[in-house]
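The primary structure of each chain is shown beneath.
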Amino acid sequence: MDGMQMRRRGLFGAGGALVVGFVLGARPAAAWTDKPVALDQVDSFLAIDAAGRVTAYVGKVDLGTGVRTGFTQIVAEELDVPMASVAVVEGDTALTPDQGATYGSLSIQVGGVQLRQAAATARRALLAEAASRFGLPPEGLRCEDAAVIAPDGRRLAFATLVGGRAFSLAVDANAPIKPPEARRVVGRSAPRVDIPEKVFGRFRYVHDLKIPGMAHGRAVRPPAMGAIAEAVDEASVAGIPGLLKVVHERGFVGVVAETEWAAIRAQRALKVRWSAWAGLPEQAKLWEHVRATPVAQRQVTSETGDPAAAIRGAAKQLSASYDFAIHTHGSMGPSCAVAEFRDGKLTSWSASQATHNLRKQLAMMLAMPVEQVRCVYLEGAGCYGRNGHEDAAVDAALLAKAVGRPVRVQWMRHEEHGWDPKGPPTLIDLRAGLDAAGKVVGWESEAFIAKGAGGNVDLVAAELGGLPRESLSSPGNIVHNLAQPYGFPAVRTTCLRLESTPFRPSWIRTPGRMQNTFAGEAFLDELAAAAGADPIAYRLSVLEDPRGREMLERVAKLSGWQARPSPVRDQGGEVLRGRGVSYVKYELVRTYVAGVAEVEVNRRSGAIRVIRFFVTHDCGQIINPDAVTAQIEGNIVATVSRVLKEELTFDRSAVTSLDWASYPSITFPEVPEIVVELVDRPAERPWGAGEPTAAIVPSAVTNAIFDATGVRLRSVPFTPAKFLAALQGT
Amino acid sequence: MSQTVTMTVNGRAASVTVDDPEMPLLYALRNDLGLTGPHFGCGLGQCGACTVHLDGAATRSCQLPVGAAEGRQVTTLEGLGTPERPHPLQAAFIAEQAVQCGYCANGMIMQGAALLAATPKPSAEQVKEALVANICRCGTQPRVVRAVLRAAANA
Chain C
41 MDGMQMRRRG
51 LFGAGGALVV
61 GFVLGARPAA
71 AWTDKPVALD
81 QVDSFLAIDA
91 AGRVTAYVGK
101 VDLGTGVRTG
111 FTQIVAEELD
121 VPMASVAVVE
131 GDTALTPDQG
141 ATYGSLSIQV
151 GGVQLRQAAA
161 TARRALLAEA
171 ASRFGLPPEG
181 LRCEDAAVIA
191 PDGRRLAFAT
201 LVGGRAFSLA
211 VDANAPIKPP
221 EARRVVGRSA
231 PRVDIPEKVF
241 GRFRYVHDLK
251 IPGMAHGRAV
261 RPPAMGAIAE
271 AVDEASVAGI
281 PGLLKVVHER
291 GFVGVVAETE
301 WAAIRAQRAL
311 KVRWSAWAGL
321 PEQAKLWEHV
331 RATPVAQRQV
341 TSETGDPAAA
351 IRGAAKQLSA
361 SYDFAIHTHG
371 SMGPSCAVAE
381 FRDGKLTSWS
391 ASQATHNLRK
401 QLAMMLAMPV
411 EQVRCVYLEG
421 AGCYGRNGHE
431 DAAVDAALLA
441 KAVGRPVRVQ
451 WMRHEEHGWD
461 PKGPPTLIDL
471 RAGLDAAGKV
481 VGWESEAFIA
491 KGAGGNVDLV
501 AAELGGLPRE
511 SLSSPGNIVH
521 NLAQPYGFPA
531 VRTTCLRLES
541 TPFRPSWIRT
551 PGRMQNTFAG
561 EAFLDELAAA
571 AGADPIAYRL
581 SVLEDPRGRE
591 MLERVAKLSG
601 WQARPSPVRD
611 QGGEVLRGRG
621 VSYVKYELVR
631 TYVAGVAEVE
641 VNRRSGAIRV
651 IRFFVTHDCG
661 QIINPDAVTA
671 QIEGNIVATV
681 SRVLKEELTF
691 DRSAVTSLDW
701 ASYPSITFPE
711 VPEIVVELVD
721 RPAERPWGAG
731 EPTAAIVPSA
741 VTNAIFDATG
751 VRLRSVPFTP
761 AKFLAALQGT
Chain E
24 MSQTVTMTVN
34 GRAASVTVDD
44 PEMPLLYALR
54 NDLGLTGPHF
64 GCGLGQCGAC
74 TVHLDGAATR
84 SCQLPVGAAE
94 GRQVTTLEGL
104 GTPERPHPLQ
114 AAFIAEQAVQ
124 CGYCANGMIM
134 QGAALLAATP
144 KPSAEQVKEA
154 LVANICRCGT
164 QPRVVRAVLR
174 AAANA
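Protein sequence lines correspond, in order, to chains C and E.
Counting in the working numbering, the first sequence runs from 41 upward without gaps.
Counting in the working numbering, the second sequence runs from 24 upward without gaps.
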């Protein structure tokens, strides 16, 4: 076992689990491993080998965000070991605890904090063991460079104390973490551990995995999303060298070949007779379709006073409807997976953000005991929510089963754009009343949003093939942030959870919170304009939370905000400039973000550019400031892309935006300058960073467009055509 | 009918035997030669993830038939520089931490290196124009621009 001398006696308790090193591609033994994965055990999270090297086992995975580096810092800090001697194993159902799917900017907030507590427990145990060996009280000992050091200079390496053995200890929620003044690794911008390999072409993505005997597969999807394969003409691909098999099992069609190129050629050439299907709504009437969809549940997310009566009696009444287009994830690298059946067991390598959940889905679909399935995370292209990785894993599993060999599947671009689950369309109605002084007396809103939460998204091949599945609608936790952070005297916010939505929904970066914050913060801007008030001053007049106020005050200073009502007056010329503000307290319970967008709008062409974006950000304790800044930048760039350019197009049968020409992404010249100010609170707990910033971008941009032009855009994306139409309407 | 294509890859003679000379170069590099620096992003020449240098020019390897590489010089990210002898742009990407998932980084670096070879001291606007057809979905663009400018300053 790779040089680690394992002893089955635990160091700090009875039993002692065997800690197993896992080598990529190694053949699983009879049991996957004996390593514990329960959330309450130190050994589930940490192992220290005989050479003193530390392995951290984490259920959360690095989706390209840098959390691997954050986990490394957290372990290095709490254990006082060099970062270079910490390795991180992520998302392997046989080795890592199930810490939940990697979504919601929870990797550090939840996954990292659990890991930190395990490390703190381990550190205390190491000190106690050393104290006993030294014959000294533990209070006088300290840890340094993977060793415990006594006041007299004696030294016991962790490798000597525990190396290769299990801790056999429960995680203690009361084990002390290091106080802020003692920290040396956390809170600093450690360079990311993955970047060198990535810039030299040495990093191994899931796309690069090659295992012995591996063949290449591709699914063949119907041209209409609900069509059934009635007949498959195998002769149509018979001449392709290297073709191994055409698979047609109920509604699932695929091809397997010796080489990737042969699989692609067969995927293109295979003739299939498909049934007709045209079950999608007319895109031009999408919002009528959404309004007409039956409501499964009315979910009131906040209620104070009688807003309807307050609005009726108000000096001024306003109402507006906001809508937000269907978006695709559009990962740079189409989804990819490798599957292998051996001795009746399935190993699935993929970039799934939720391998523990995928394991259950695969077992259910294939009617296998869940214990017979192992899902292993390998990094893929950046993932901003549940995209196609799980679906590719299923394609690979079905094809591997059909040919009795390991199979690698990578989706083509048109499959990724066409078949990944979509961020569902969102429509929000708002009403408010102002008193004579312009103060809000009542606020009401209704969001028309898909039903469901953050559960499993049904798998494409299971749907098409009629295989066992949960038949859930899982758009993510999309109800948050319809409730307001402001002190309005009468409020009711209601989510109308729709029975259906046109496309298989899933969460995409900041699901629901983005759409709800867009509507709320833009409508609030409308109220400020109606009141003749400065938008920041208007927010501050109804915001009590001191951490939130600080973000708004800081962003005003950072952006050089000139207090005045919007829109700006007396602008001549063709290109108009404006600025807009937005604010969020994420889910009303965590990270605070305020932002100011500066835009230029060409009133002749309708072209809109975001020139600069200022952000102030408080996520409590910061583990790695540069990594947080990078996440903030990335969320701004990606969300500017979404709100200016991105919109799924479709006909009655299928998605028609199947490439980067029909579903454009932001280009370098369109990227704004970004200025970030982080507020670190080392004595607080760490909250998520990433998604919260994306929440404020759509509203800041539309508020800036209004400031520049007096035109209010309430429909994402903010295209030139929509601007020109709205300009004509003013 | 299989056919052997011989080319120079990262300074060494390399040959691949293919059934179909129309197969894009990308698959020969990744699957036959084990060079996984270039990535499949779109297969349409729209995103840049597969970029290599063909006789020094940035080229989308998903669009070039492998047969057309016969006798040509191909450089991939692996051949641009190594940890021991990094290309200035690779060093600058590390210094600027200009990577998130890194799937696009191959294209950013290969396209950026081609720019620096032709225009050693580009302006920020020239960098952005040179990378206009390279997509990044993580939002690393501000750092990528800084990295190219840093490499130019250090060269």
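Hints are computed from structural coordinates only; laboratory data are not their basis.
Be aware that a few hints might be false.
[What the hints assert, rightly or not] The calculated label-pair distances, taken between Cβ atoms and stated as ranges, are:
1) C:384 with E:147: 37 to 43 Å
2) C:123 with E:36: 21 to 27 Å
3) E:155 with C:123: 48 to 54 Å
4) C:335 with E:149: 35 to 41 Å
5) C:723 with E:141: 48 to 54 Å
6) C:250 with E:144: 37 to 43 Å
7) E:36 with C:696: 26 to 32 Å
This one's a predicted model, so the numbers in the text were calculated from it and none came from an experiment.
Beta carbons are placed, not taken as given, at the ideal position from N, Cα and C, and that holds for glycine.
Quick rundown of the hints versus the structure:
Separation of residue 384 (chain C) from residue 147 (chain E) is about 58 Å and departs from the stated range, judged on CB atoms against 37 to 43 Å. In this structure the supplied range 21 to 27 Å is violated for residue 123 (chain C) paired with residue 36 (chain E), their Cβ-Cβ distance being about 41 Å. At roughly 37 Å, the beta carbons of residue 155 (chain E) and residue 123 (chain C) sit outside the given window of 48 to 54 Å. Between residue 335 (chain C) and residue 149 (chain E), the C-beta spacing of about 54 Å breaks the proposed range 35 to 41 Å.
Roughly 52 Å separates the CB atoms of residue 723 (chain C) and residue 141 (chain E), a value that falls within the hinted 48 to 54 Å. One distance hint, 37 to 43 Å for the beta-carbon pair residue 250 (chain C) and residue 144 (chain E), holds here, with the actual separation near 41 Å. The given range of 26 to 32 Å is broken by residue 36 (chain E) and residue 696 (chain C), whose C-beta atoms sit roughly 45 Å from each other.
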